[in-house]
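Asks: Residue strings, one per chain:
Protein chains: 2
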Amino acid sequence: MKRFFLFVATLAAALAVGCSTADKVVYLADFMTEDSARDAVPAVRAALEECARIDADRLVLPGGELRLRPEMATEKYQFISNNNESLKRIAFDLVGVEGLEIDGNGTALIFTGFISPFNVENCANITIKNLSIDFTRTFHSEGIVRGKGKDYLDMEFPADYNIDFPNGVLRFRDSEWTTYQYSSMLEFDSKLREPAFRAYDYWLWNYGVPAEKLPNGLVRIHHKDLTATIGNVMVFGARARYNPAFTLYKVDGFTLQDVTIYHTGGMGVIGQLSHDILLERVKVTPPEGRMISATADATHFVNCGGYLQMIDCLFENQKDDATNIHGLYMSIDKILAPDKVLLGWHNSGQFGVDFIEEGATVEIVDNKTMMTIDTRTVKSIKRLNKLYNEVTFTEPLPEGTAEKNVVATDDYYPEVLMKGCRMRGNRARGILLGSRGSMRIEDNYFHIAGAAILLEGDGNYWYEQSGTRDLLIKGNVFENGNFGSRTWGSACISVGSGIPEREQSRYHQNVRIEGNTFRVFDPRIVNFYCVDGVSFTNDNVIELTQPAEYKYLDNEYRYFVFDHCDNVTVDHPLAEARWEK
Amino acid sequence: MKRFFLFVATLAAALAVGCSTADKVVYLADFMTEDSARDAVPAVRAALEECARIDADRLVLPGGELRLRPEMATEKYQFISNNNESLKRIAFDLVGVEGLEIDGNGTALIFTGFISPFNVENCANITIKNLSIDFTRTFHSEGIVRGKGKDYLDMEFPADYNIDFPNGVLRFRDSEWTTYQYSSMLEFDSKLREPAFRAYDYWLWNYGVPAEKLPNGLVRIHHKDLTATIGNVMVFGARARYNPAFTLYKVDGFTLQDVTIYHTGGMGVIGQLSHDILLERVKVTPPEGRMISATADATHFVNCGGYLQMIDCLFENQKDDATNIHGLYMSIDKILAPDKVLLGWHNSGQFGVDFIEEGATVEIVDNKTMMTIDTRTVKSIKRLNKLYNEVTFTEPLPEGTAEKNVVATDDYYPEVLMKGCRMRGNRARGILLGSRGSMRIEDNYFHIAGAAILLEGDGNYWYEQSGTRDLLIKGNVFENGNFGSRTWGSACISVGSGIPEREQSRYHQNVRIEGNTFRVFDPRIVNFYCVDGVSFTNDNVIELTQPAEYKYLDNEYRYFVFDHCDNVTVDHPLAEARWEK
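Same order as they appear, the protein sequences are chains A and B. Take any residue in the first sequence, note its place counting from 1, add 146, and you have its number in the working numbering. Take any residue in the second sequence, note its place counting from 1, add 146, and you have its number in the working numbering.
Derived from the structure by calculation, the hints contain no laboratory data. Watch out, some of these pointers could steer you wrong.
You can't tell identical chains apart in this list, so a pair holds if it fits in one copy or across any two.
[Claimed, not checked] List of simulated lysine-lysine pairs, PhoX-like, C-alpha gap at most 25 Å:
no., residue 1, residue 2
1, 528, 396
2, 480, 222
3, 525, 480
4, 275, 697
5, 532, 480
6, 550, 532
7, 359, 370
8, 528, 222
9, 222, 396
10, 532, 222
11, 222, 359
Working from the sequences, and respecting the hints, build out all of it.
Replies: Encoded structure:
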């Protein structure tokens, strides 16, 4: 039914292009006033109201540069998965819109302060294209290491960071005295423009580091065992992910084309409970002079369905993964009756992202093996608050269901195509794949500090649903990955699922790895556990490199590791080989 | 009309008491399960649902001790004036209820974590009585000063504060690892159980102090110029006021009787946009072993009307004033048309407290003199977000209206009676009076660190509407006040309004001071400016004390100061006298 609707919508859109004189077009320029130079948000609100009023087909931005600020923006409290809930301001807030294209016309959107660029909610058939997004002050902070000593670094920061030291603790503000809190530090290599070799996160649990200004103008920051290479960039991670660039919630049909996200305070694109998403020539990349692009994942898709495509995209230097496609698990915190459970969230990034609907089929999963016990149909739901739902099923719970088991929907699995994308320079991993739909990862380039492709999913820590069923990894280049923190992965392609009892678990299924090129200084090509069905064909090429920048010093030395896997075929000379330093 | 409604409601309630067998009574005990011992909140929710279902007259608590926790509680985002907006959990959430009495039956409500005890919203004729409120872990923190040196103190904290020092900064948590942030330090006198003589707030803008654990088990905290008397208590003020004990919003008729608030994370009672409130024998007081009661004002009333009474109450050792009764000013940030303005909030404690309604009469006020220019009637309102409203009037703005002028409603003025109340031991001031209704302050006892009675109000900083019209201060005892920070007042009874241009301003009117006793070591009895009509009759007694604890060392030496006042009569021998040390 949904498919049919989208087909009709697409057909209508195609016809509309064919008869473009019939398009109802709104021009943002018509709503701009003399105040718009400082803040175009009121004009954007007015233009979107006009779009709704006339049921417009297109909103055209004026080109050039637009400044946008939070003061006059739409406000709403949002629970956005894997970002931070808060009362947010939103520049372009599309709610209940069908069949609108926003043509940026090359406009550079320059935001100031805590504001989310785009929110698309309960919409269908939306296209946004031809624009870029940046902020006058980044949500993270960057400084150059100019000196070092035991437990300290001497840093040079941009003058406009407006630094001071209340109570002897470093504070970053912008020229308007807005504070930009930070919660971690991570060293990036200035020349390679990527996380420094084997650098790891310094977590700042109190959101501050003791610091003082030196007579030479540098800032000395103190932290136990703090060290870095002089000349490198220390990145102070933004405390929270308040302002993703594009938030999709219950959207059917979304296209993002020729859009560049230089910066945003959260993820680049976060889709939840949405279907049929296409990202084409979307770039997440920092501008000249900065190291970091988005402060979190470039893209992330949670409980999405339909067809999810990322084509010819560039995801680089974001502060977390390139993408993560998964579902949500709620935990059975209490069995209230034979047919009734109290479901709770245990990952604060998921609080309030209600996904269970009346009539939905859910799988009930053993949190220790991550294997599905059975499915049930939801009869009714009572939401207590952002933490808890009481859910009654149409039948009693399956035998063996226990508290701490987890529940996910059984029908939010996108087909995935990722093709021609380039991923590099970011913190952590490349792509995390957790859909049960068919997934094809083809002709991409990975130069990733951790695992390039990771199969995650667990019911005890992150509570992210995974369990691949049909994954093709074909024709990609994996170049010198796994140079970052050892916590970011165990091979180019690996499983990282939290499965306490692996013996009985075959959580992932059917992974085919064909015709890829692995140029590696680190011999860890595949590291799988709990997978049923793996083929690594002999058209995969493994080239051993010896780059000056990285050195493999670790104790692991197998190219391929399979633990608790069935039906594994590795048709390659190195299948059983050991690495010799 | 409202008056009539309340009369009828009161009559109905009286009849109901007369025929109590007809009362519909719900007993909380009937909804309690074995889990209620750990957390009675689900039982409270169920009991309140039952009250709504049967339109109950009374809800009776079981007596003894009840534990209440946030996990399963009702949730809503609240803008509560002079407290902190947030997504809150609420234990007793009364919405749209008419004619309910909650009889605590002597129950001690013991809360854990970030939860608001009572929220009463869009209700009429509600009574809550016979209960007490405390928390297992206070929102502020207290420690005893055991040692001192240049720029540091050595502190002893309770063991259950669960202290650690991430990045060398002091952190307080409870036994469940919930963090309790702090933003200030203030020294309290252990023997006198009040703010230490002339102690002032150390503001901690970064919400932390550098600290470390000493070998002797004490905690050394560092801050420039930090000092205190050994044996005194240093209070770490809670960072935010998230959880008032009683929040009233659009309530008509509210009675709180025989209720003790030992602690809460915000104000004790905060009423906004409500009418006819009675507090009788309400105590805000710390339990044995703690210095601080509520972390902010004991009571506070914003844009309230009808008759506001506080009778035989005790307000002591709260972290801010005993009460503050005022209206709200929004600022004219932009004149959009002859009849249309953009109104903005500029005090973050007022964000989102929308008070302007269609059809309301508002006064338009010169922010420099605080004098009313004229009134206008509101034709329409468009809320942009928590910061801004666009307001159109039925007529053009009065001549002379300028941007930065302020706007308040012209009809939210309670009559006030405060009688038989005892106020002492708290930070800052006693009572701030900003209603234009008739106010009688009779037979109270004040021993206050700053001014006992303060007439505030301004349109440039706090944006709190005041302008007294009829104030009687009679039969009170003012005992050795003004011993705290010099910023908390300039006399026992004083004006503290922010009025940039005083020459033309007579912001306050008609203050009569009769039959009071002033026992003072500090000669500052009255310090007024911009008042028209003052009488200080000769039945007021001024006794000069020479307590060992306090010493008046300052340069001011007039008992009575009147600046830009008219019609002043001081019938007292010390009227023109100067203080001789």
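Asks: Does each hint hold? Answer for all of them.
Replies: Against the structure, the hints:
Taking CA atoms no more than 25 Å apart as the test, residue 528 paired with residue 396 passes inside one copy only; the shortest distance there is 20 Å, against 27 Å between copies. Taking the shortest Cα distances, residue 480 and residue 222 sit within 25 Å of each other only across copies (24 Å), while inside one copy they are farther apart (32 Å). Taking the shortest Cα distances, residue 525 and residue 480 sit within 25 Å of each other inside one copy (17 Å), while across copies they are farther apart (53 Å). With identical chains, the CA atoms of residue 275 and residue 697 are never at most 25 Å apart, being 42 Å at best within one copy and 72 Å at best between copies.
Taking identical chains as interchangeable, the C-alpha atoms of residue 532 and residue 480 lie at most 25 Å apart only when both belong to the same chain, with a minimum of 16 Å there against 38 Å between chains. Taking the shortest Cα distances, residue 550 and residue 532 sit within 25 Å of each other inside one copy (18 Å), while across copies they are farther apart (40 Å). Within a single copy, residue 359 and residue 370 get their C-alpha atoms as close as 19 Å, and across copies as close as 16 Å, so both meet the 25 Å cut-off. Taking the shortest alpha-carbon separations for residue 528 and residue 222, both the intra-copy value of 23 Å and the inter-copy value of 16 Å come in at or below 25 Å.
Within a single copy, residue 222 and residue 396 get their C-alpha atoms as close as 16 Å, and across copies as close as 22 Å, so both meet the 25 Å cut-off. Taking identical chains as interchangeable, the C-alpha atoms of residue 532 and residue 222 lie at most 25 Å apart whether they share a chain (15 Å) or sit on different chains (10 Å). For the homomeric pair residue 222 and residue 359, neither the shortest alpha-carbon distance inside one copy (39 Å) nor that between copies (43 Å) is at most 25 Å.
Hints 4, 11 from the list above are not met by this structure, while the remaining hints are.
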